[in-house]
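Enquirer: Chains as they are written, first to last, in our numbering: chain P, 324 to 453; chain S, 185 to 480; chain Y, 364 to 619.
Keep in mind the hints are simulated off the structure, nothing from the lab. Errors might be hidden in some of the hints.
Covered by chain S, according to a simulated footprint, are these stretches of chain Y (three or more residues, beta-carbon under 8 Å) [said to hold, decoys possible]:
| hint | segment |
| --- | --- |
| 1 | 383 to 395 |
| 2 | 604 to 617 |
Computed cross-link-like contacts, DSS-like style, restricted to lysine-lysine with a CA-CA straight-line distance of at most 27 Å [unchecked claim]:
| hint | chain 1 | residue 1 | chain 2 | residue 2 |
| --- | --- | --- | --- | --- |
| 3 | S | Lys-468 | Y | Lys-392 |
| 4 | P | Lys-439 | P | Lys-425 |
| 5 | S | Lys-312 | Y | Lys-392 |
These numbers come from a predicted model, not from an experiment. We treat Cβ as the ideally placed atom computed from N, Cα and C, and that holds for glycine.
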Amino acid sequence: MLVDDSRPIFLQIAEAIENDILSGALQEETQVPSTNEFAAFHRINPATAGKGVNLLVETGILYKKRGIGMFVAQGSHARLVAKRRESFENEFLAPLVAEAAKLGISRSQLAAMVSKHDAQTHEIPKEKTL
Amino acid sequence: MTTVVEVKGLSKHYGRFTAVDDATFSIEENRVYGLLGRNGAGKTTIMNLLTAQAFASSGSIRVFGESPVENANVLDRICFIKESQTYPEEFKPKHVFASAPWFFPNWDAEFADRLVADFRLPLNRRIKKLSRGQLSAVGVIVGLASRAPLTFFDEPYLGLDAVARQIFYDRLLEDVGEHPRTVILSTHLIDEVSKLLEHVILIDEGRIIVDEEADELRGSETTVSGTSAAVDAFIAGREVLSRTGLGGLASVTVGRLDAAGRAAAAAAGLELSTVSLQQLIVRKTNVSEKEFEQSK
Amino acid sequence: MTAIAIPIQTNQTAPRRVLSVTRLHFVNKWQILYLPLLILAFIFLLDLAIWWLILTAQSSTHDRHSAEKGLNFTGSIFYIYVYVLIIAIQAVSRTFPFALGFGVTRRNYYLGTSAAFVGLGVVFSAILTAGSVIENATGGWGIGGHFFTTAYFHDGSWGLRFVIFLLLFLFAMFFGSAAASVFVRWKATGLTVFFGALALLLLGGGALITLNNGWLGFWGWFGEAGSLGVALWSLVPTAVAAIAGYFILQRATPKS
Numbered sequence: 324m325l326v327d328d329s330r331p332i333f334l335q336i337a338e339a340i341e342n343d344i345l346s347g348a349l350q351e352e353t354q355v356p357s358t359n360e361f362a363a364f365h366r367i368n369p370a371t372a373g374k375g376v377n378l379l380v381e382t383g384i385l386y387k388k389r390g391i392g393m394f395v396a397q398g399s400h401a402r403l404v405a406k407r408r409e410s411f412e413n414e415f416l417a418p419l420v421a422e423a424a425k426l427g428i429s430r431s432q433l434a435a436m437v438s439k440h441d442a443q444t445h446e447i448p449k450e451k452t453l
Numbered sequence: 185m186t187t188v189v190e191v192k193g194l195s196k197h198y199g200r201f202t203a204v205d206d207a208t209f210s211i212e213e214n215r216v217y218g219l220l221g222r223n224g225a226g227k228t229t230i231m232n233l234l235t236a237q238a239f240a241s242s243g244s245i246r247v248f249g250e251s252p253v254e255n256a257n258v259l260d261r262i263c264f265i266k267e268s269q270t271y272p273e274e275f276k277p278k279h280v281f282a283s284a285p286w287f288f289p290n291w292d293a294e295f296a297d298r299l300v301a302d303f304r305l306p307l308n309r310r311i312k313k314l315s316r317g318q319l320s321a322v323g324v325i326v327g328l329a330s331r332a333p334l335t336f337f338d339e340p341y342l343g344l345d346a347v348a349r350q351i352f353y354d355r356l357l358e359d360v361g362e363h364p365r366t367v368i369l370s371t372h373l374i375d376e377v378s379k380l381l382e383h384v385i386l387i388d389e390g391r392i393i394v395d396e397e398a399d400e401l402r403g404s405e406t407t408v409s410g411t412s413a414a415v416d417a418f419i420a421g422r423e424v425l426s427r428t429g430l431g432g433l434a435s436v437t438v439g440r441l442d443a444a445g446r447a448a449a450a451a452a453g454l455e456l457s458t459v460s461l462q463q464l465i466v467r468k469t470n471v472s473e474k475e476f477e478q479s480k
Numbered sequence: 364m365t366a367i368a369i370p371i372q373t374n375q376t377a378p379r380r381v382l383s384v385t386r387l388h389f390v391n392k393w394q395i396l397y398l399p400l401l402i403l404a405f406i407f408l409l410d411l412a413i414w415w416l417i418l419t420a421q422s423s424t425h426d427r428h429s430a431e432k433g434l435n436f437t438g439s440i441f442y443i444y445v446y447v448l449i450i451a452i453q454a455v456s457r458t459f460p461f462a463l464g465f466g467v468t469r470r471n472y473y474l475g476t477s478a479a480f481v482g483l484g485v486v487f488s489a490i491l492t493a494g495s496v497i498e499n500a501t502g503g504w505g506i507g508g509h510f511f512t513t514a515y516f517h518d519g520s521w522g523l524r525f526v527i528f529l530l531l532f533l534f535a536m537f538f539g540s541a542a543a544s545v546f547v548r549w550k551a552t553g554l555t556v557f558f559g560a561l562a563l564l565l566l567g568g569g570a571l572i573t574l575n576n577g578w579l580g581f582w583g584w585f586g587e588a589g590s591l592g593v594a595l596w597s598l599v600p601t602a603v604a605a606i607a608g609y610f611i612l613q614r615a616t617p618k619s
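Can you build the whole structure from these sequences, using the hints too?
Expert: Written out as structure tokens, the structure is:
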């Protein structure tokens, strides 16, 4: 995920790390890349990358091991899931419903589309209890 | 955070022309600043004043706590790279890099060598025979390898092609990451450098019109487009910064939208797109110029 | 954070800063040192060749002797003073913007450049003095030629000659540097005014002398003061040029 100029960059860095934790690319208790590595990869200012990382330290998603680097905190995955679930409605559900309304797709048609999609991709999400 | 540069009420007149008009700002150490503005806005003049190459008409300048004018203590810690730098006749790049360490106490010769290779600079060709890009590379290499605590780059990369410019940005970022120093870049190529900048100072006609954190500016404006009716309904009670229209469609720029605002826009079937730093700067400059014209 | 804070070097002292500027002038020794000497050698050899040609063209000993007398003083050595003047002008007008771009104060620039000029003057004077001593020793290079020893300046010990050469070099260089300072500060217009004013001054002085029928006395003074006296008096305009140059440069800006 590349960083763009339309939102505060440090927020985008923090989100990118959160996304990686959510997807499992970054496991709990493993090390995350250093600030300079983020900066080089995204071609941004190291200080800005540092701000993004520090934000996650403040919210308890990452923690610092002195002399080694930043690590993913235990339980951060669960916490992020909870946080994202809260904003799921605004970010994904509302636009989906609005677009469906624009195209005249009824609720039952919507549900049918979801089932069809699951059958095709064979991906039925397991319900995660928190 | 230590303040390395403190400017109060700075003005510079050339006859009846005002190049800098009552500028007040400060620069904190070890951050990358962007000094943005149109050609002739006053960016170079400000840099000339801060490095004591020109003399202020009025106002005060403090660099590292002292006035920089004829002050070797301060000037030793500054490196000013400008596009129009002149070199002694018959000088070759190797002469420039050989003499640089005498003037820049933190000069890193190894770093300079690596940069010479990166930019493919012919060390033994006379400066006046260098291409525009190679000439710019000389300045850029001096600016980077000087490791001066306060480094100014006055659009010295204009002669560089896109590949060389990217090399410059990459090396700059790497280097400030490992050796923090205060860097002030002036440019009108905003999109290219925008991701490097931490703080933005925008100048127009000698006046400072924006002095803010880059991250504050990013995402501070959003463009909302759709049918005129839907747009008009949405913007009720919101501050409108600009507006364009085409037939029954309209596009307005509003301030920052929070999650609820975005949801409302989506629900109304409106399209959202965020305003990039460059677009934002251009818009603010245009607004400032219009106001300036009207106030005359 | 693995970032290293940059230490602010404090090993820069005033003499070191001034010396850096002096070194700057000699980074490219070709323009400032080798080329003028090369041209000097060339002119010298040219003169030698011409003399030899003239002499061998004489048939009788009598003609030869009168030719030798006429060969005496070419004065072509004064080329180097003009060249040095030009070097001084070029050095200042070209290195000033560069040095200021490198963060040098105007004061240190002026001191360092002046030191470079003095050093250059010493080197050139030494070479000319050595040349004149050898010239005397070889009886004018075996053909009675006078290149390094010119009329009016050719008497005295080598120490005296060295001092005279040096004083004249300093005059040429500081005059050039003052002219260059005017140029750097006020550009072409300023330079025109400067030379215009100078021309007026000389014309005015000449008119004054003419009106008072003083030409005999004027040239007479030169004879009385002797070469050393005149050279010592040249210190006055040299000092004026040096001091004026400093103050003119203090408010000059390296605008391209």
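Enquirer: Each hint: holds or not?
Expert: Verification of the supplied hints:
{"no.": "1", "hint": "383 to 395", "result": "holds (count 7)"}
{"no.": "2", "hint": "604 to 617", "result": "holds (count 4)"}
{"no.": "3", "hint": "Lys-468/S with Lys-392/Y", "result": "52 Å, violated"}
{"no.": "4", "hint": "Lys-439/P with Lys-425/P", "result": "21 Å, holds"}
{"no.": "5", "hint": "Lys-312/S with Lys-392/Y", "result": "18 Å, holds"}
In this structure, only the earlier hint numbered 3 is contradicted, and the remaining ones agree with it.
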